[in-house]
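Trainee: Each chain is listed here by its residues.
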Amino acid sequence: MSTQAIIAIGVFLVTYAFIVTEKIHRTIIAMTGGIMMVLLGIVGQEKALHHIDFNTLGLLTGMMIIVAITAETGLFKYIAIWAAKKVNGDPLRILLVLGLITALGSAFLDNVTTVLLMVPVTFSITRQLRVNPIPFLITEIIASNIGGTSTLIGDPPNIMLGSAVKELTFMAFINNLTAISFFILFVNIGILAFIYRKQLRTSSELKATLMDLDEKEEITDKTLLIKSLIALTVTILGFFLHQLLHIESATVALTGAFLLLLLTGEGYLDKAFSKVEWTTIFFFIGLFVLVSGLIETGVISLLADYSVHLTGGDVASTSILILWVSAIASAFIDNIPFVATMIPMIKDMGELGVNNLEPLWWSLSLGACLGGNGTLIGASANVIVAGLAAKEGHSITFGKFLLIAFPLMILSIIICTIYIYLRYLI
Amino acid sequence: MMKVVYKYDANLLELKETANGDDIEFSIILFNSELKKSLKKVREFFEDNKVITDIHYYIHPNNRYQVIVREDFYNEFLIQLFRQQLLKEIEWI
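Chains as they are written, first to last, in our numbering: chain A, 1 to 426; chain B, 427 to 519.
Derived from the structure by calculation, the hints contain no laboratory data. One or more of the hints may lead you astray.
[As the list claims (entries may be wrong)] Pair by pair, the computed Cβ-Cβ distance ranges are:
1. B/510 x A/358: 56 to 62 Å
2. A/171 x B/474: 39 to 45 Å
3. A/423 x B/486: 45 to 51 Å
4. B/475 x A/263: 27 to 33 Å
5. A/400 x B/475: 24 to 30 Å
6. B/515 x A/82: 46 to 52 Å
7. A/244 x B/474: 27 to 33 Å
8. A/17 x B/502: 42 to 48 Å
9. A/167 x B/446: 55 to 61 Å
10. A/223 x B/448: 55 to 61 Å
Just so you know, even glycine gets a beta-carbon here, dropped at the ideal spot from N, CA and C.
Go ahead and model the full structure; you've got the sequences and the hints to work with.
Mentor: Following this line, the structure appears as C-alpha cells:
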C-alpha cells in the first residue's frame, strides 16, 4: 500500500470519526476532509471536481426549491386534516393514515422535509384530541425512512445510487423497491398501532371538534397551489419518463423547480433559495471529494478485493452481507458517507468477477435506508423529530426509541433478506 | 402574577377564553370576513418562530376559530391580537 493510500485512509477515518461523534457540524467536517485530500496532493483539484456528483446535488436542490414553495400553500396541512377527518377523528386510525401520508411524502420528497411538514400538524391534531403525540412521531420517523426507501428520489442513498449506476433508473427503483417497502411499512405501522393502541383513545366530543375543522381554509394561496401542483406533476411525470427521454433525474428536478419559479415570478426566488439546505449540499460535496481520495489511491479496490475474497465472489452471500452490514452500520452512523464509500466498492467487485451486481445494489439501498430506523441517530429525520419533540416538552429518548425501533428494523431486514433471496438469488 | 384585562369591538368579533388543561383556549368568531387577514397574520407570527406548540390554530366553518395557547405564550398572543387591531385595549392590573 502506498504512502498516499495510508494518508488517504488516515484523513478518511479522522473525518468519519468526527462525523460520528457530531462534535462539529458534519458539513464543516466533510468539507475539511475533502479539502485535506486536495491539499495533501492525494487528488488534484480537477480530479476532485470530476468526482463530485452534480446529478445528486441538482436533484436535491431542485426538489428543495419545489417543496419550499409548495409548503407555502398549506397543501400539507390540508391533506393531514382531510385524512384525519376521513377516519372520523379516531386516533388509532389517524396514526395509520399519518404514517401512510409520511411514507408517501418521503417517497417523493426529502425525509427531513417531510417530517418537518408533518410534525407541526401532528402536534396540532394530537393536541386537539388530547392524545400523546409520541406514538405518532415515532410512527412518522419510521414511516419516513421506509417511504424514502421506495423510490430513487426518496432518500439520499437512493439518489446517490441512481446517479452512480445508469441501470438504476426511477422506474427500476419503482419495480424493485416500492412494493417491498410498502409491505414493510404496513408490517411496521401495524405493529406500532398494536403497541400503542391503549394510548390512542379520546372522547367523542373531541372527535366531533376535529370533525368540524374546515380543512379547505388551510389552503392559503389557491393560485400558488395550482402552480405548485403543475410543477409537481411535471416533475413526477418527468421522473417516470426520464429514462425514455434520456435525461438525468437532476434535469427533471431542476426543470420542475425553475418551471415553478417561472410561474410564480421572482418574488419567490429569494425565499425558495433561502430554504435550500446548502449545508446538506456542501456535506455531499465534501464527501464526494473525501471518497475520491480512497478511490484514486486504490483503497476502495483493495476493500472490494478483500470482500470478494471473503465471500468467494458468491453473489448470494455478498448480497446478504451487504444488506446486513449496511443496516447495522446505518443504524449507528450516517448512511450517506457509508453509501458514498460502498458505491465504488461494489463497482470494483463487478470488475473483480462478481457477475450480477443488481442484488448487491438493492441490498445496499434497502440496508442503508431501512437501517436508519434502528436508532435515534440512524437518520436525519429521526434526529430532527426527536429534537423538535424534546423542545416541545415531549422527550423521545435514545433508549425509548431503540426499544421499539431496533426490533422493527431487524424485522424489516429479515423481510428484505427473504425478498432479496427469493427475487434475485434463486 | 398580574391579571390581564382586554377589550374588543363586539360588533366585529366575539372572543371567549376558557382553560383547556394547562393551556388557554380562545374561541373566536369573526363577524366581518375582512378580519380573517388580521387573524391569519397572528397565526403567521407564531408559525414563523421556531416553537411548534406555542399556539394551535384550528379553522372551523363560518368564520369560527379555535386557538389553543400555551400558558407561556398567553401574553404574546394577546399582544399579537392587539397588534393586528383585533383587540382595542389590553391592561395588566
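Trainee: The hint says 46 to 52 Å between residue 515 of chain B and residue 82 of chain A; measuring C-beta to C-beta, is that right?
Mentor: violated, 39 Å
Trainee: Does the Cβ pair residue 17 of chain A, residue 502 of chain B satisfy 42 to 48 Å?
Mentor: holds, 43 Å
Trainee: Do the beta carbons of residue 171 of chain A and residue 474 of chain B sit within 39 to 45 Å of each other?
Mentor: Given about 40 Å between the Cβ atoms, the range holds.
Trainee: Between residue 400 of chain A and residue 475 of chain B, is the Cβ distance one that fits in 24 to 30 Å?
Mentor: holds, 27 Å
Trainee: For residue 244 of chain A and residue 474 of chain B, compare the CB-CB distance with the range 27 to 33 Å and indicate the outcome.
Mentor: violated, 43 Å
Trainee: May I ask you to test the hint 45 to 51 Å on the CB atoms belonging to residue 423 of chain A and residue 486 of chain B?
Mentor: With a Cβ separation near 50 Å, residue 423 of chain A and residue 486 of chain B satisfy 45 to 51 Å, so the hint holds.
Trainee: CB of residue 475 of chain B to CB of residue 263 of chain A, is that within 27 to 33 Å?
Mentor: Holds, at about 30 Å.
Trainee: Assuming the hint says 55 to 61 Å, is it satisfied by the Cβ distance from residue 167 of chain A to residue 446 of chain B or not?
Mentor: holds, 56 Å
Trainee: Assuming the hint says 56 to 62 Å, is it satisfied by the Cβ distance from residue 510 of chain B to residue 358 of chain A or not?
Mentor: Holds: the Cβ-Cβ distance is about 59 Å, inside 56 to 62 Å.
Trainee: Given a hinted range of 55 to 61 Å, is it respected by the beta-carbon distance of residue 223 of chain A and residue 448 of chain B?
Mentor: Taking Cβ atoms as reference, residue 223 of chain A and residue 448 of chain B lie about 40 Å apart, which means the hint is violated.
The structure shown violates the earlier hints numbered 6, 7 and 10.
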